[in-house]
Amino acid sequence: MLTQLTAAETAAKLRSREVGAVEVAQAHLDRIARLDPEFKAFLTVHPERTLAEAEAAQKRIDAGEAGPLTGVPIAIKDNVSTEGVPTTCASNVLKGYVPPYDATVVSRLREAGLVSLGKTNLDEFAMGTSGENSAFQVTKNPWGRDLVPGGSSSGSAAAVAGELAPLSLGSDTGGSIRMPAALCGIVGYKPTYGRVSRYGLVAFGSSLDQIGPFGRTVEDAALLAEAVSGYDPLDSTSLDVPPVSTEALKDGNVRGLRIALPRQFMGEAIQSGVREALEAALDVLRREGAEVSEIDLPSVAVGVTTYYIIAPAEASSNLARFDGIRYGGQVEGDGHIGVVASTRGGLFGHEVKLRIMVGTYALSAGYYDAYYNRAQQVRAVMAAEFETAFQEFDLVVSPASPIVAFPVGGLSQDPLALKLLDLCTIPANMGGFPSLSIPCGYADDLPVGMLLNGPVGQDERLLQAAYAIERALPWGYRRPPMP
Amino acid sequence: MARYLTSVGMEVHAELLTRSKMFCRCEVGFGGEPNTRVCPVCLGLPGALPVPNRVAIEMVLRTALALNCQIAYDSVFHRKNYFYPDLPKGFQVSQYGETNPLGYYGTLDIPAADGGTKTVRIRRVHLEEDTGKLMHLPGGGSGVDYNRAGVPLMEIVTDFPPDITTPDEARDYLQQLRLVLLYLGVCDGKMEQGSMRCEPNISIRPEGSETYGTKTELKNLNSFRSVQMGVEYETERQSQVIESGGRVVQETRGWNESTQSSFAMRTKESEQDYRYFPCPDLVPMHFEEASIERLRATIPELPLAKQRRYQGEFGLSEYDAGVLVGDQSWAGFFEEAVGQGGDPKAVCNWMNGDLLRLLNETGQVALAGGQAVAHGHGTPATVSKVTPAHIVDLVRLVGSGQINSKTAKTLLDDAFSSGDMPSRLVEAKGLTQISDDGFIKETVAQVIAENPGPVEQYKSGKQGVIGFLVGQVMKSSQGRANPTMVQDEMRRQLGE
Amino acid sequence: MSISLDEVRHVARLARLDLDESELMAFQGELNQLLGHFGDIQGVDVSGVAPKPHAVALQNVWAEDEPRFGLTREQALRNAANSRAGLFIVPTIIEE
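Chains as they are written, first to last, in the numbering used here: chain X, 649 to 1131; chain E, 1311 to 1806; chain D, 1187 to 1282.
If you're looking for bench data, these hints aren't it; they were derived computationally from the structure. Hints are supplied without guarantee of correctness; some may be wrong.
As the list claims (entries may be wrong) - Distance windows between CB atoms, simulated: (1) E:Gln-1560 <-> D:Gln-1219: 18 to 28 angstroms; (2) E:Arg-1364 <-> D:Ala-1271: 43 to 53 angstroms; (3) E:Arg-1535 <-> D:Ala-1212: 26 to 36 angstroms; (4) X:Glu-916 <-> D:Gln-1219: 55 to 65 angstroms; (5) E:Arg-1734 <-> D:Ala-1271: 34 to 44 angstroms; (6) X:Ser-1060 <-> D:Gly-1229: 22 to 32 angstroms; (7) D:Gln-1219 <-> E:Pro-1516: 24 to 34 angstroms; (8) D:Gly-1215 <-> E:Gln-1560: 54 to 64 angstroms.
Stated by the list, open to error - Pairs of lysine-lysine, DSBU-like flavour, derived with a Cα cap of 35 angstroms: (9) X:Lys-743 <-> E:Lys-1390; (10) E:Lys-1769 <-> E:Lys-1655; (11) E:Lys-1616 <-> E:Lys-1739; (12) X:Lys-743 <-> E:Lys-1719; (13) E:Lys-1769 <-> E:Lys-1751; (14) E:Lys-1719 <-> E:Lys-1655.
Beta carbons are placed, not taken as given, at the ideal position from N, Cα and C, and that holds for glycine.
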């Protein structure tokens, strides 16, 4: 079945003319029509546009001008600006907003000839860990329709795991790619901060956000990263380095890999089944010649707290532009201030308002030094701790998620517990280093993700190690129970 | 009635003369259809990101250097968070902090009443972005035009306690600052167009008191004169408030030009918590000594220094020197003429007198070293043909006695339209001054003979009539007779 | 550290969020829960550590002063709730 192929396999078949781009696109559109009413991964699909793009891709393939991913379908998280296609961030505040411009990553997808299938669901404004905070619909995990897919890139993860798309783009601020990748049993990768342009990504935590790929294999994720990464003059925080290269992707070896496992990531917060699955995977790697050592990273203990000061602070400022005047919905009120306050109060979801309030508070007069400024100092301490570890080790490893996919509504009574799930993924955003989650085993028949962190800027080496580990592990990607 | 001392803090915002905006590459311009110079960045669309304009940063650094500031070798941009319809992102990118602004702890000298200079301390020179324009619509309601949103804005603030203590000083500070900005080429200083805005902060305190009073901020002042009148008015208003037992309220007040008075604008100043934090979308700036020194080398001689130099070196009056430096290229014209050997005082007189009159009358500019020169603010239509060389030539002709000043005036008129060198005109038209004794004696005698009536009047005590008689001699000699000699000879012959 | 209802109101006002009483109280509870944990960072030794507001160290990123066309007016106004005469219409500014 065309929809079961990886992106790399699809691209190979397209190039060899075994299949056509329109055929591939149609197969995915058909599956979306059939299964997405249940999965609810997509907020917008646009079959006409998709087929037109597929036709254009086919022309390029015929002319011998195909790139590595030309003709391969892709889904895009709905906080990434797409010209002429609604971009809602899963929020009522942006319902009906149609951007007049493309995000840089979207332009690059077009240049590379990928075929867009539509925009995927997310936690509102990317704020969430489970995927339950969308204002419009709750995406379901292909592994169990009553289970959460993880967030905030819930739709992008579910789409790839559910074979609605071979590839998708998500965004990661505190784990929003890697967490759902782990819960859905696929690969999710957050590149080094600055390697993928943020121009066109609706900002949540500006110093933490990165756009990244989902794929069912490391190779797929790497190919997508290569297509969209690289210097962008429209983004001041963009690194002036070439795109992430897949040239040496398959040249790695598990033998000789020096792996660090921080004690703080294997404590009580981690579900025993998750811990066991990770230990089993590490055992395999040890047998293959990797060195695994336990280390101490004390700052991890305050990682979540620090993140929940910095991210909301930046978000409170980034979301101030949503006032109902130039775009988005508008609610009646008394005068300008009234309209703005009614619009924001009435159309933002609860979690978004909470984070705006936390952030506003953390920045306000009298609290800036104790909260925001201090959090940025703790951040520096955390980044330094990891940097020291990377001097001795190639990888710092942990579970991607402390728990496997849980029932929708299962943690709604304890919002703090939800936030604590970000424990393992947060450091990579704070330190800016590259990080990816790959399926490494199962607990209670649900996927467990292993988180691989590498040093800043060394994305190619990280992907290379991930590829080797993926090959070495017998319990990698498995098809979820679905049609 | 107690005497009050005034304190004025000046806050000036200057739109920089870049071609594109501060954080995006939309064109910077004045006027035009609303919302036609916009893009995702300056509109604050979701996902848009800022990239700073290098030239804007340079302009602020040069201004800071010209104002003797310390330069922040490491500097960042901050976000100033508040809500207003003309603020698309819900925050303004600006610069906060004590030693973080690109320039801090500087000075600007202004002319002092006694002919010397007074130093006004400057607290900060920093870079930020302008907001959009909120307009009230004729049919009611308000609309926003974002053409101006994101234009680079430089903010210059004086230090505390204020050095400016009178309305005149406030006006002088503003004039001097504006001229500096024009000399640097960083702002066009058009207050009436809003490219330079001034908000004075005014407070008063009883003479002898050490505590500064509550200050009010004045907005909407569109000219030097408004600033001066505004400061005067506020001082008076505040003293009346105190005299009547009330307390001055800290507030922002608007200036009403037609009623020449200020009115309360009712904004709640105390509730503004801007929650400044470093903008995460912009990376820090770091400057090396070498690049700062390179910029320092581009700072020209500043207007007040130049004015004082003209006074000292050339003996020009404060007024005359002031007119010369009032326009950088007018001063350039002068310096070129002096450089070519023209006598400074004479050159100055010709420039500020007849030449300026001719230029203003005809709306033209003068040429100096290939550069068009317009004095003042207007955009000249055509270029006149008078260059520094022409003036130098004229000055030499008069100085050597070859022609008299009356002839010189006519020559300038001629040269203004023909472009011919005065000396060539003298030759061609035979206009040399006549200083021949014989001729003058003869002509004076002739005029006396032909005008018995006036002669009689003179002899009977009407001294003023001599002017008419001298005029007759000048007329019969086509204005070429040496007027001093004619005057002397006339007196001598009449006295006989 | 705990936050009073008045402080919650103040923060909501600063953030221009119109909330009713029950929402304010709910937020007060959640904020207090979060703030309780914020105290954790007070214990970390940050002496001599400079804040790290950026994930990766970059400096001096700027663009040349070359104008470039952005959006047409139609594109700019397309998503506005109200527009007229080429302007974004805003509700009346009532100075409080």
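- request: Hint by hint, work out which the structure violates, then give me just those numbers in ascending order.
  value: 1, 2, 3, 4, 5, 7, 8, 10, 11, 12
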